[in-house]
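First to last, the sequence lines map onto chains A and B. Just so we're aligned, residue 1 is where the first sequence starts under full-length UniProt numbering, counting upward by one. Just so we're aligned, residue 1 is where the second sequence starts under full-length UniProt numbering, counting upward by one.
It is possible that some hints are incorrect.
Which chain B residues face chain A? A few, computed with CB under 8 Å, are given here [what the hints assert, rightly or not]:
1) Pro-80
2) Ala-83
3) Ala-84
4) Glu-88
5) Ala-91
6) Arg-92
7) Ala-95
8) Glu-113
9) Thr-268
10) Glu-269
11) Asp-273
12) Glu-403
13) Thr-413
14) Leu-440
15) Leu-441
Pairwise CB distance ranges, derived in the manner of DEER restraints [as the list claims (entries may be wrong)]:
16) Leu-96/A with Ser-296/B: 43 to 51 Å
17) Leu-97/A with Glu-371/B: 56 to 64 Å
18) Val-105/A with Ser-296/B: 38 to 46 Å
19) Asp-298/B with Pro-51/A: 54 to 62 Å
20) Pro-43/B with Glu-70/A: 36 to 44 Å
21) Glu-390/B with Leu-96/A: 47 to 55 Å
22) Gln-189/B with Leu-96/A: 45 to 53 Å
23) Leu-49/A with Asp-234/B: 28 to 36 Å
24) Thr-422/B with Thr-130/A: 51 to 59 Å
25) Pro-68/A with Ser-100/B: 16 to 24 Å
26) Asp-127/B with Pro-183/A: 57 to 65 Å
27) Asp-127/B with Leu-49/A: 50 to 58 Å
Footprint (simulated), chain B over chain A, 3 or more residues, beta carbon under 8 Å [stated by the list, open to error]:
28) 173–181
29) 271–284
The set of hints was computed from the structure by calculation and includes no laboratory data. Cβ coordinates follow ideal geometry from the N, Cα and C atoms, glycine included.
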Amino acid sequence: MTRATTENPEAMKTNGRRNNDYSDRAKAERRLGWILAGPAFIIMLAVTLYPIIQAFFDSLYAFRLTAPDERQFIFFQNYVTILSDPVWWRDLLVTLLITVVTVAVELVLGFALALVMHRALKAVRGWLRTAILVPYGIITVVSAYAWFYAFDISSGYVNSWFNWVPGIDQDLNWFAQASTALPVIMASEIWKTTPFISLLLLAGLAQVPDELTEAAKVDGATWWEQMRKVIIPNMKAAIMVAVLFRALDAFRIFDNVFIMTNGQYGTEVLSLLAYRTSISRLEIGLGSAVSVLLFACVLLISFIAIKIFKVDLAGSTGGKR
Amino acid sequence: MPGNRRIIQQRERVRERRVAVAVTSLGLTSLLLTGCGPADSGPPTLTWYINPDAGGQADIAQRCTEEADGEYRIETSLLPNDAAAQREQLARRLAANDSSLDIMSIDPPFVPELATFLAPVPEDIADSTTENTLEGALAGAMYEDRLVTVPFWANTQILWYRESVAEEAGLDMSQPVTWDQLMEVAAEQDVELGVQGSQAESMTVWINSLIESAGGTILENPEAPADEIELGLDSEAGREAARIIGTIGDEGLGGPGLATSTEGTSLTEFQGDTGSFMVNYPFVWPATQGAVEGGSLDQALLDDIGWALYPRVSEDQEAAAPLGGINLGVGASSDNPELAYQAVECIVQPENQTEYFLTNGNPPSNSEAYEDPRIEEQFPMAETIRESLENAAPRPQTPFYNEISSGLQQTWTPPEGVEPETTPEESAEFITAVLRGERLL
Numbered sequence: 001m002t003r004a005t006t007e008n009p010e011a012m013k014t015n016g017r018r019n020n021d022y023s024d025r026a027k028a029e030r031r032l033g034w035i036l037a038g039p040a041f042i043i044m045l046a047v048t049l050y051p052i053i054q055a056f057f058d059s060l061y062a063f064r065l066t067a068p069d070e071r072q073f074i075f076f077q078n079y080v081t082i083l084s085d086p087v088w089w090r091d092l093l094v095t096l097l098i099t100v101v102t103v104a105v106e107l108v109l110g111f112a113l114a115l116v117m118h119r120a121l122k123a124v125r126g127w128l129r130t131a132i133l134v135p136y137g138i139i140t141v142v143s144a145y146a147w148f149y150a151f152d153i154s155s156g157y158v159n160s161w162f163n164w165v166p167g168i169d170q171d172l173n174w175f176a177q178a179s180t181a182l183p184v185i186m187a188s189e190i191w192k193t194t195p196f197i198s199l200l201l202l203a204g205l206a207q208v209p210d211e212l213t214e215a216a217k218v219d220g221a222t223w224w225e226q227m228r229k230v231i232i233p234n235m236k237a238a239i240m241v242a243v244l245f246r247a248l249d250a251f252r253i254f255d256n257v258f259i260m261t262n263g264q265y266g267t268e269v270l271s272l273l274a275y276r277t278s279i280s281r282l283e284i285g286l287g288s289a290v291s292v293l294l295f296a297c298v299l300l301i302s303f304i305a306i307k308i309f310k311v312d313l314a315g316s317t318g319g320k321r
Numbered sequence: 001m002p003g004n005r006r007i008i009q010q011r012e013r014v015r016e017r018r019v020a021v022a023v024t025s026l027g028l029t030s031l032l033l034t035g036c037g038p039a040d041s042g043p044p045t046l047t048w049y050i051n052p053d054a055g056g057q058a059d060i061a062q063r064c065t066e067e068a069d070g071e072y073r074i075e076t077s078l079l080p081n082d083a084a085a086q087r088e089q090l091a092r093r094l095a096a097n098d099s100s101l102d103i104m105s106i107d108p109p110f111v112p113e114l115a116t117f118l119a120p121v122p123e124d125i126a127d128s129t130t131e132n133t134l135e136g137a138l139a140g141a142m143y144e145d146r147l148v149t150v151p152f153w154a155n156t157q158i159l160w161y162r163e164s165v166a167e168e169a170g171l172d173m174s175q176p177v178t179w180d181q182l183m184e185v186a187a188e189q190d191v192e193l194g195v196q197g198s199q200a201e202s203m204t205v206w207i208n209s210l211i212e213s214a215g216g217t218i219l220e221n222p223e224a225p226a227d228e229i230e231l232g233l234d235s236e237a238g239r240e241a242a243r244i245i246g247t248i249g250d251e252g253l254g255g256p257g258l259a260t261s262t263e264g265t266s267l268t269e270f271q272g273d274t275g276s277f278m279v280n281y282p283f284v285w286p287a288t289q290g291a292v293e294g295g296s297l298d299q300a301l302l303d304d305i306g307w308a309l310y311p312r313v314s315e316d317q318e319a320a321a322p323l324g325g326i327n328l329g330v331g332a333s334s335d336n337p338e339l340a341y342q343a344v345e346c347i348v349q350p351e352n353q354t355e356y357f358l359t360n361g362n363p364p365s366n367s368e369a370y371e372d373p374r375i376e377e378q379f380p381m382a383e384t385i386r387e388s389l390e391n392a393a394p395r396p397q398t399p400f401y402n403e404i405s406s407g408l409q410q411t412w413t414p415p416e417g418v419e420p421e422t423t424p425e426e427s428a429e430f431i432t433a434v435l436r437g438e439r440l441l
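Extracted from the complex, chain B is given alone in its bound form (with noise of 0.2 Å):
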C-alpha cells in the first residue's frame, strides 16, 4: 500500500509539473504573440517625443488622432526632465537612425545641431504652419536661412515686479525700465533683484539677452566650422552685460542663493520678503496662483504682482527678451515622414495652442492664438508675453551651441566674478579654444 501510494504521488507529482509547464508554455506563447501581434492591422503610428508637460501633449495627441479619423496614430513617448538631458536623448537617437523619432519636441536652441538628421519641412506644410508666428518664435525654428522645425510653443521671460516695491521707488511701470533702474531700487530698498546666476543654462539666457538688448550679438557667424567661430563677447555690448551681472553679483543685489539661483529658486525668493523684481517665465503666473489656491501663500501676494516687458539695457533701445518654447521636428529616418509632417500641421493648429496655454501654461508661438477671450482672464499678462515674443532674441544658433552655452556658463559664473574688463575677453578666448579641440570644457 505505502509503494502505492508512492506510486500515486510520483504520477500527482508528474501531473502537476505537466500542468506547470503547459501554463508556462502558455504564457510565454502568448507574450510572443502580443510582441509580434496583428500590430500592422492599424492605422500607422507615429511616435512623438514630447518633453515632460502637464498632459497637454498627450492630449493634443489624441485629438489629432481622432481628427486624422484612422489615416494616423500618434502615441507619445516621454523625454527626460531638463532641456539639456532631452537634447542628449534625442541626438543619440537620431544619428543611430531611430527610426521611431516621427515627432520631436525640440528646445529652439538645439535645432541647428539636430537639423542634419531631421526629414526637410515640406513647402505647403512650412507656409501653414507659419502663417502668424510670432517674429521671434519663427527665428527659433530656421537654421541656414530655411525652416527646419515647426514653431509650436513659445516661451519667453517678462519682467515680474511687486507693485508695492515700485511704487515705493516710484517707478513708472507702464514705461520701459532699465536694468540700471533695478538695480538702483534693490540697492536703495534693500530687496533682491530675481535673476538667475547659477552655472546652467538660465545663465546663457540670461547673457544672451544682455548682449542682444544692448545691440551686440554673441555669435558672429553662426554658420562657420567649428575652429573659424567668431564670437562677439568682447565688445561694448558684450562689457555691457558684464557690467549689469557684475554689480548685481558684487553688491549683492541678486541675494545671498545668486551664484547657485535658477527659475525655481528665484521665484521661491521672489515671494518672500525680500522679492522685487523678476525676469522669469510665465510659469511664475500659474505656479504663484496654485500656492495661493493651496493655501500656502497669501491673496495679497497675488493682488502685489505686476508684470512688463523684458528690462532694457540701453533706455533708448528695445530690450530682446530671451526666447525658449518646442518646435516640432521630424526625424529623417521616420517610416512615415509626410505622415508626420500631416500630424505636426494638426498639432500646431492655432485651437490646440490656445488649449495648451490655457491647461498647461505654455504660450503660443502664433498670434491667432492669443485671441481667444478665455486667454485674457486667465493669463491678463498674455499681451506682455505676446509682444515680447515679437521681440525675442534666440540664442546662438549653431551646431556648436552647447560648447558656447557650457563655456559661458563656466566663464561668467559665479556672477561677483563677472569683470567687464576680463570676463568677456577671456571667455572669449577660452570658448574659442574649445571649438578648436585645444581645450576641455
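Okay, chain A solo, but in the shape it has when bound (with noise of 0.2 Å):
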C-alpha cells in the first residue's frame, strides 16, 4: 500500500482522504470511549490506586493508630522487621500449601464435573448445573460456620460419624493443631469453590471442536488419549485462566480461616496477618508493610502466569496463542 501511494499520487490523495476519514472517525471512537469508560477508569484509581499509593506511604512509618503524635518516618525498617520474622515465613508457608492443594483438588474435581456437565444428558443438564452451583452461592462465611460445627468437637458430628476411620474417634480435636485444621480448612474451600473452577472448564470444553474428537476417535484414539491429545490441548487457555484466577483467590484467603481458627495453632495465613497487624494492632505501618507485600505476591503469581504460563486472559477467542 505504500509503495502505492508513493508511487501514485492521486491514490495517495485518495488514500490520504480515506486514512484522513478514518482517523476522524478513530479520533470520534476514541473519545466516546474515554467518555464511556472514563469515569470508571477515574473511581477505578480512586478506589485502587489511591488507597496502594497510601498504604506503601503508610509502610514507611512506625504509626499506631493510637498515637497518632509519635509517628515517624523509619523508612524500609518494618520490611525488614517483617521479612526477618519467621512469623511471616510461617504464614507464607501455610498460604502457599492451601493455594496449592486448593487449586491442584479443584482442577481435577472441577474438571471431572464438568465433563459430567458437557456429557450429561440434556434432561437432567440444567438440574445438575444448578446442584453443583450450590455451594458456590453460599455466603463464604455461612459454609465457614457450617463446616466449623460439623467438625467441632463439643457440636459437631464428624467424629461420631466417621469414629470408624482410623484416626478419628470422640476425642479428636481438629482445630488444636494445623495438621488437622489446615484439611478442614482446605476441604471447605475446595467444597466451596470447585464449582467455579468446574463452569470456566465447562465454557472452555464447549469450544473444544466435536470434529477434533470424532477423527481422533475414527484414528482409533483411546479415551485417555483424546483426553490427552486433543481435549486438553485444545482448552489449555481455559485452564489455564481457571487456575490463575483460583490462584489469586486462593491466595488471598480469609474468612474460612477466620471463623474456624482465627489462625490459631499455626493455621495463620497471610491476610489474617495483615489484618491483625492493621485492624486489631492498629499498628498502621507494620500492617500496610504485610499489605503491600501480600498485593507484591498477587502480582509476582500473576506475572509467573502470564509471562511463563504464558495465561491468555483474552480467551481463546481474539488473543494471542
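Hey, can you piece these two chains together into the complex? The hints should help.
Okay, here's the thing in C-alpha cells:
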C-alpha cells in the first residue's frame, strides 16, 4: 500500500483522504470510548490506585492509630522486621500450601464435574448445573460456620459419624493443631469453589470442536488419548485462566481461616496477618507493610502465570496464542 | 384515525412520564427533607455505643431520656459482638475524632489505650458515681491513678461445681479450695475441669488470675512506654501459673476440647456427664436455667450446681478472680460532654444497675445495688459474686494491652505445651520483642 501511494500521487490523495476520514472516526470513537470508560477508570483509580499508594506511604512509618503524635518515618524498617520474622515465613508457607493443594484438587474435581455436565443428558443438564452451583452460591462465612460446627469437638457430628476411620475418634479436636485444622479449612475451600472452576472449564470444553474428537476416535484413539492429545491441549487457555483466577483467590484466603481457627495453632495465613496487624493491633505502618508485601506476592503470581505460563486472559477467541 | 390514536397514545405516554418524574422528584425531595429535617428543634441527642446485650442498655437509655425531661435524649448504637471487635471500632472512631461518640460502653482492659481520647471525668461526677463501687471494679476504671471511665457493671468469674462430684471427693466447699485440689479430684474421678484453653482473650484472663492469685503481676511498670515495659512473667508466680495450666493440659484434665475451649464450650462440657468444676462468669446461671425451662436439660442438673469463690493458687493466699464488665466513657470529641456525663450519672445509678442485673444477668459494680431482695431470689450466688468482685484483679492496664494479651495467648497455648521452666521466660522475651517493634505478632 505504501508503494502504491508513493507511486501514484492520485492514489495517495484518495488514500490520504480515506486515512483522514478513518482517523476522524477513530478519534471520535476514541473520544466516545473515553467518555464511556473514563468515569469508571477514574473511580477505579480512586478506589484501587489511591489506597495502594497510601498503603505504601504508610508502610514507611512507625505509626500506631492510637498514638498519632508518635508517628515516625523509618524508611524500610517495617519490611526488614517482617521479612526477618519467622511468623511471616510460616504464614507464607501455610498460604502457599493452601493455594497449591486447593487449586490442584479443585482442578481435578472441577474437570470431572465439567465433563459430567458436558456429557450429561439434556434432560438433567440444567438440574445438574444448578445442583453443582449451590455451594458456590453460599456466602463463605456461612459455609465456614457450617464446616466449623460439623468438625467442632463439642457440637460436631463428624467425630461420631466417622469414628470407624482410623485416626478419627470422639476425642479428636480438629482445630487444636495445624495438621488436622488445615485439611478441614482446605476441604471447605475446595467444596465451596470447585463449582467456579468447573464452570470455567465447562466453557473451555464447549469450545473444543466435536470434529477433532470424532477424527481422533476414527483414528482409533482411546478415551485417555483423546483427553490428553485433543481435548486438554485445545482448552489450555481456559484451564490456565481458571488456575490463575483460583490461585489468586486462594492466596488471599481469609474468611474460612478467620471463622474456623482465627489463625491459632499455626493456621494463620497472610491476609489474616495483615488484618491482625492493621486492624487488631492498630499498627498502621507495620500492617500496611504486610499488605504491600501480600500485594507484591499476588502481582508475582500473576506475572509468573501471564509471562511464564503465557496465560491468555483474552480467552481462546481473540487473544494471541 | 390511526394517526390520531398514535398522537393520543404519545400524549398519554408523555403524561405518564411527567407523572413518573413528578413522583420521583417528590420522593427525592422528601428524602432530602427528612435527611436535613428539623433535627435541631428537639433536645440534643446523645449517642451511646453499647455492647450487645438482652436489651437492658436500651431500656436504661429510655428511662434516662424520660428522667432528663427534655434536657437530652439518649440513642443507642450497637457495637460488634466480641470485645476485641468492639475495641477496634471504638479505637478507629475515636482516633478519627468522631463526634458521635458521646457515651460508650468499654471493656475494662481497653480503658488505658482509649483513655487519651476520652473527656476527663468531672470531679463531682467521679465522686457521685463511685461512692459505693466495689474495689475491683473501681480499679478497672482507673488509669494512671485517676478515674478515666465510670464503672457501670462488673463481671467476675466464680467457681461453679457439681455438688455430687464435690461430695464424692469429700471436698468441703464452704472453705476456699485450691487448683491443686481440683486437679486431684479431676484425675481421681475421671471428670473434666471447665477452664478456657483456647488461643483467645479467655486465656489471658486465666493466666492473669493465676499470676495475681500467686502474688505476682504480669506487668511490672504499667505506665512505661512500649519499649521499656517490664514483664513479671518469668517469676515464681509466673512459673506457678504455668505449672497449673501445663498440668491440666498434659494430664488431659480439661478434656479433649481444652485447646479450643472458650466460656461457652466449657459450659456445655460442664453441663454434660463429665462436668465437675468450672471457672466461668455468672451468665452460666441464667443460661442453664433457660435450658432447663426449655426442656433441653434436667432440673436435677440445676439442683446439682453449686458455687464458690475462684480457686486459690496457694492455700494461704486469697484468690484474685478475673475482672470484666463494662465502664462508660465519654468521647473527647463529643459535642456535649457535660450532658453526656449527666447521662452517665443517670445510667449508672444503683437502681438501674439492679434492674440490669435482674433482666440481663450482668452484675452491678455498685455494692448498694446488691441490696434489693429480688437479686438474692433470682441470683442466689449474688453474694459470692459481690465478694469476688472485691478481690478481683484487672488485667494489665497499659495502652499496649492488646500486644501483651495476644502475645500471652500465642505462647501459652495449647495448654499441654506449657512448661513452667520455659514458657514464662519465652513469652516474656517474645512480648518484649513485639513491644520493641522487632517481632510480628
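The hints, checked one at a time:
no., hint, result
1, Pro-80, "violated (12 Å)"
2, Ala-83, "violated (12 Å)"
3, Ala-84, "holds (7 Å)"
4, Glu-88, "holds (6 Å)"
5, Ala-91, "holds (6 Å)"
6, Arg-92, "holds (7 Å)"
7, Ala-95, "holds (5 Å)"
8, Glu-113, "holds (6 Å)"
9, Thr-268, "holds (5 Å)"
10, Glu-269, "holds (7 Å)"
11, Asp-273, "violated (13 Å)"
12, Glu-403, "holds (7 Å)"
13, Thr-413, "holds (7 Å)"
14, Leu-440, "holds (4 Å)"
15, Leu-441, "holds (6 Å)"
16, Leu-96/A with Ser-296/B: 43 to 51 Å, "holds (44 Å)"
17, Leu-97/A with Glu-371/B: 56 to 64 Å, "holds (60 Å)"
18, Val-105/A with Ser-296/B: 38 to 46 Å, "holds (39 Å)"
19, Asp-298/B with Pro-51/A: 54 to 62 Å, "holds (56 Å)"
20, Pro-43/B with Glu-70/A: 36 to 44 Å, "holds (40 Å)"
21, Glu-390/B with Leu-96/A: 47 to 55 Å, "holds (53 Å)"
22, Gln-189/B with Leu-96/A: 45 to 53 Å, "holds (47 Å)"
23, Leu-49/A with Asp-234/B: 28 to 36 Å, "violated (48 Å)"
24, Thr-422/B with Thr-130/A: 51 to 59 Å, "holds (56 Å)"
25, Pro-68/A with Ser-100/B: 16 to 24 Å, "holds (19 Å)"
26, Asp-127/B with Pro-183/A: 57 to 65 Å, "holds (59 Å)"
27, Asp-127/B with Leu-49/A: 50 to 58 Å, "holds (55 Å)"
28, 173–181, "holds (count 4)"
29, 271–284, "holds (count 7)"
Of the numbered hints given earlier, the model fails hints 1, 2, 11 and 23; all others are met.
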